[in-house]
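Taken in order, these protein sequences are the chains called A and B.
For the first sequence, my numbering begins at 1 and goes up steadily by one.
For the second sequence, my numbering begins at 344 and goes up steadily by one.
To be clear, the hints were calculated from the coordinates, so they are not data collected in a lab.
Don't be surprised by glycine CBs; every beta carbon is placed ideally from N, CA and C.
Mixed in with the good hints there might be a few duds.
Said to hold, decoys possible - Incomplete in silico selection of chain A near chain B, CB under 10 Å:
1) G69
2) S73
3) R80
4) A88
5) D94
6) L309
Unchecked claim - Footprint (simulated), chain A over chain B, 3 or more residues, beta carbon under 8 Å:
7) 548-561
8) 602-609
9) 616-630
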Amino acid sequence: MTTTPPVNKLGLSKADYNGSPSTLCNGCGHYSIANTIIGVAYELSLDPTRIVKISGIGCSSKSPAYFLGRSHSINGLHGRMPSLATGATTVSRDLVAIGVSGDGDTGSIGLGQFKHLLRRNVDMVYIIENNGVYGLTKGQLSATADLGQKIRHGGLNEMPPLDLCLEAMIAGCGFVARSFAGDLKQLQTLLKAAFSHRGTAVLNVLSPCVTFNNGEGSTKSYLWGKEHGVPLHELDFIPLEHDEIRADYQPGAIREVALHDGSVIRLKKIGQEYDPTDRVAAIRLLEEERAGQTFTTGLLYLNEERRTLVEQGQLADLPLVQLPDERLRPSQDALEVINAQFM
Amino acid sequence: MIVNDFSITIATVNGSGSQTANNTVLRAIHKMGVTVSGKNIFPSNIQGLPTWFTIRVSQDGYLARREQAEILVAMNKASIREDIQQLASGGICLYPMDEQLPMERDDVTLYPMPVHELVSQSGADLKLKPYVANMVYVGALAYLLNIDLNEIEAALSYHFNGKQKAVELNYATVKAAYDWAAANLSKSDPFRVERMQQTEGTFLVDGNTAAALGAIFGGVQFVAWYPITPSTSLVDNLNEYLPRLRRDPDGKASYAILQAEDELAVIGMVVGAGWAGARSMTATSGPGLSLMAEFAGYAYFAEIPAVIWDVQRMGPSTGLPTRVAQDDILAAYTLGHGDGRHVCLIPATIAECFEFGGTAFDLAERLQTLVIVLSDLDLGLNLWPTKPFAFPEKPLDRGKVLSAEELTRLEGAWKRYADVDGDGICYRTLPGTAHPAAAYFTRGTGHNQAAGYSERPEDWSANLIRLAKKHDHARTIVPGPVVDLIDGAEVGIIAYGTSDPAVQEARDLLRGAGVASSYLRLRALPLEDRLVVFIKQHRRVYVVENNLDGQMHGLVQLHTPVDGSRLVSIAKCDGLPLTADWIRAALLQHEAKEQP
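The following block holds chain A by itself, in its conformation from the complex (with noise of 0.2 Å):
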C-alpha cells in the first residue's frame, strides 16, 4: 500500500527539495544547514525555480547541489560568491537568492567582496557556515580561527578572529543573525525571517568540522555551541497569511518586529532586554563578547529601512532579463538622432 507524502501549498512534496546526495563527512554540521534549508523552504512554500543557489569554493560552498536540486545554482570562485550573487540578482530581480559561503571563503579570501556586497545591500541570504577551517584542503586556519588555536604544523595562531556578525555589522548589514547548526529550531526560524527580509541577510552559523575542528576547546566545535551557547531570545516566525495568534505570552516580555514582506518575527525575552533594532547595541554586545566566553545566538540587529541595489538603480519593474529585445535595441531614428549630433 503506497502513502501519498503530504505536500506544501505549491503541491510539492518535501522531497521535491532534496538535492544530490551528499559527500560531506558525517556528523558535518553543513549537512544539517542543508537539510534545514530544504525544510525551510518547503515549509514556507517556496517556488525551487525561483531560488538560485550562489557559493564560493569550499566544502560549505559545495552544499548547495544537496538542496533543492530544483533551483539553478553555480558554484563560482573562492571568495567570489558575493559578485556573482551582485550580478544575477540585479538583473533577475524576482529571484530569491541563497549565497552559501565558509569562513575562508567569506571571511578570508572573500572579506573586501562580502563588505561590499552588504554596502550595496544586494537582496539575498548570505549564509556563512563557520567553521574556522578549511576543511578541503585539510584543516589549515581561517580568519575565524581562535587565538591560540594549534595550527596542524607546528605553533599556536596568534592573530585574534574575525568576527564576521561583527564585520557585517559596521558594513550597514541591515539583517544579522548568528546561530549553531546544534540548534535547529532557531535556525530555522531565523532562515524564514531572512526570507522575508529586504537586502542582505547574514545568518553566520556555527557549522562543526567534525574532521578537523571539534576538539576540546575549540570555539568552533559542537560541545562548545551547546555549553556555551546563549540565545538572545526566543524566536517564533509568523508568515504573513498566518492567522495572528496572541499565545499566553507575558506583556511586555514580547517583541514584534515587521519584516519587510508582512512576516512579523517575535521575539520573547529570555534574560536580558535585548533590542534588536539597535545598532550600537547590536556593536557593543559582539565587541563585550570578544573578550569573554559566551557565544550568543539569535537575531542581533533588523533593518528593514535601507534601500536594496536594485531599488536603488531605479530598474525596470520586470527582471532585466525578461525585457524582450525591442526594450533593448533604441530604434534606427535615435541611431539617427545620434548621428546628426556628431556631424
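Let chain A serve as the given structure and place chain B on it in line with the hints.
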C-alpha cells in the same frame, strides 16, 4: 606651397586645457573637407607634465602618425628645447614671445605670438586664462595655415554645445590672435590648408564613444566596471547615453551599471549577470584584465556569456598607462589557467568599434562563452573620421536558450552539456525558468553532460574536446579578415587593429620602392582558413604589430606551422602608434636580406 600634407605638434603642459584648442583646430580642418587625424600623447599625470597633440593633415587620406612634424606650437617651457630639435627641417615654430627661446635653428621659421598680451586683453577670469591662452595659437595657426575662421567658430560652438558666452570669449581671442598675426607676421613658409571634398558625410569621434554606443544598440543590460585608463571613458559614455536611450517614459532603466570595488568583483558580477541571462559587459585595460584571469577561465569552462572590452595600453604591469600598445593579444586569447582559448574581436576603425559593440554580445550568447574585444588607447581615446553609425541589420542573437514551454515539449529531457546539434554548443536554461527540470548546477569543477560533478577521465576529456570543437566552430562565425590581394605580389602583410592606418600607408610607400604587397587585416581570434590561404599565396609574409614580442606572429605561426618559416615579425613597442616610415624601413631591410 605644401598644401594639405603636413603634421602639427602642439606641445603644452598637461592640465592647461589645451584639448579644447587642439580639437578646435582638428574639427575646423575636418570641416574644410580635408582628411585630418589627431593623437593626444599625454602623461600619466593630472597637471604639470609635458603633453603633445599631433595633428596630421593628409590630402591622400592617411590617418597614421608620422615620425616628424613640420609645424610646432611650442607652449611648454619644459619641453621646448627637445620639441624644436625634433622639428622637421624647413618647418615652422610658433612660440609665446614672452618666452626666451632656448635654441635657434637656421632651417626653421620662427613665429612669435603675443600670448600674454592677448590673454590680458581678453578680460577672462583668472581661472579661464590658461584656456584662453591656448586660443592664441588657434588664431595664429588659422592665419598662417589659412584655416577658415568660420569653421573655427563652428568647432568652438560644437565643443561648448552652443553656449554662447564661452564661444564668444574663446573666439574673440582667436580672432585677436588672427588679426595680430595678419598685421605683424610675414608668412614665409609653404604650409597651407585648402578646402577639399574628402570628409563630406563624415564626423570625428573616438573609439570608446563608438564602442559604448555599439553596446547600447547591441542591447547591453548589465555593466560592471572599475576605473582604469584608457577604458574609463567607454563607461563614461555608457553613463552618458544609456539614460537617454534606454529609460522608459517613467524613468525606469532597462540596464544596470555598477562600479565595483575591484576588477575581481567586476568580472564576477559580469559572469553572474551573464549566467542569469543578461547581455553583460565590462571595459578595462591590461592590469584589470590580469585580475579577471580566473573568472575568464571559469566562463570558458562553465560556458557563460560575458564581454570584456580591453582598451589596451602599454604594459607589462603599470607600464605606460597613457600610451598605446597592442600587447594583450596572447594574454587575452589564453586568459585563465588550464586549457582554453577565448574569442577575441579586434576593431581597427570607429565603425568596427560600433559594430563589435553588438557583435560581441551576439557571439558571447551564441557561443556561450567569454568574448574579449581588443581595442587600444589610440583607437579608444583619439578622434577619427567616420561615416555615420550604421543601424544593426540583424536582430539580437540570444543563442540556444530553452524556455519552460520548450522544456515541456521535450518532457524535461535535456542535458546542459550535451552537443545535440554537433557544433559544440549546448542548450542552456536561465535561472527562474518555470519548469521542474529547468535547473542545472553550474560549476568550474569537472562535470558530465548532465552537469553533475564528475572526476571520470572520459567525462573530463570529452568535455574539453567538445569545448575545443566549439572554439573551432567559432572560427567559422567570427568576423573574417579584410583581404586585399595584389596579383603577383610576393610580399604579404598581416596586421590588425590600429596598426592598420600605418600599414595602409606603408604599402603605398613600398609600391613606390618597387615592392608590391598584399594585405590581410585580422579582425578576430580564433584564426581561420583564409589566413592559411593568404600565407600560402605569398613568399614572405610580414606580421606587423605594436608589441615587442610579436604576439600575433606567434599565434599565426602556431596556426600555420608548415608555413611558419615564411612568417616574419615586424614588431615594435615604444608607447606610440606605428608609423608607415618605420614599417617600410623594417620591411625593406628584411627584403634586402632575402634578395642580396
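Here is how each hint holds up against the structure:
{"no.": "1", "hint": "G69", "verdict": "7 Å, holds"}
{"no.": "2", "hint": "S73", "verdict": "5 Å, holds"}
{"no.": "3", "hint": "R80", "verdict": "4 Å, holds"}
{"no.": "4", "hint": "A88", "verdict": "4 Å, holds"}
{"no.": "5", "hint": "D94", "verdict": "7 Å, holds"}
{"no.": "6", "hint": "L309", "verdict": "8 Å, holds"}
{"no.": "7", "hint": "548-561", "verdict": "holds (count 5)"}
{"no.": "8", "hint": "602-609", "verdict": "holds (count 6)"}
{"no.": "9", "hint": "616-630", "verdict": "holds (count 8)"}
Checked against the numbered hints above, the structure breaks none of them.
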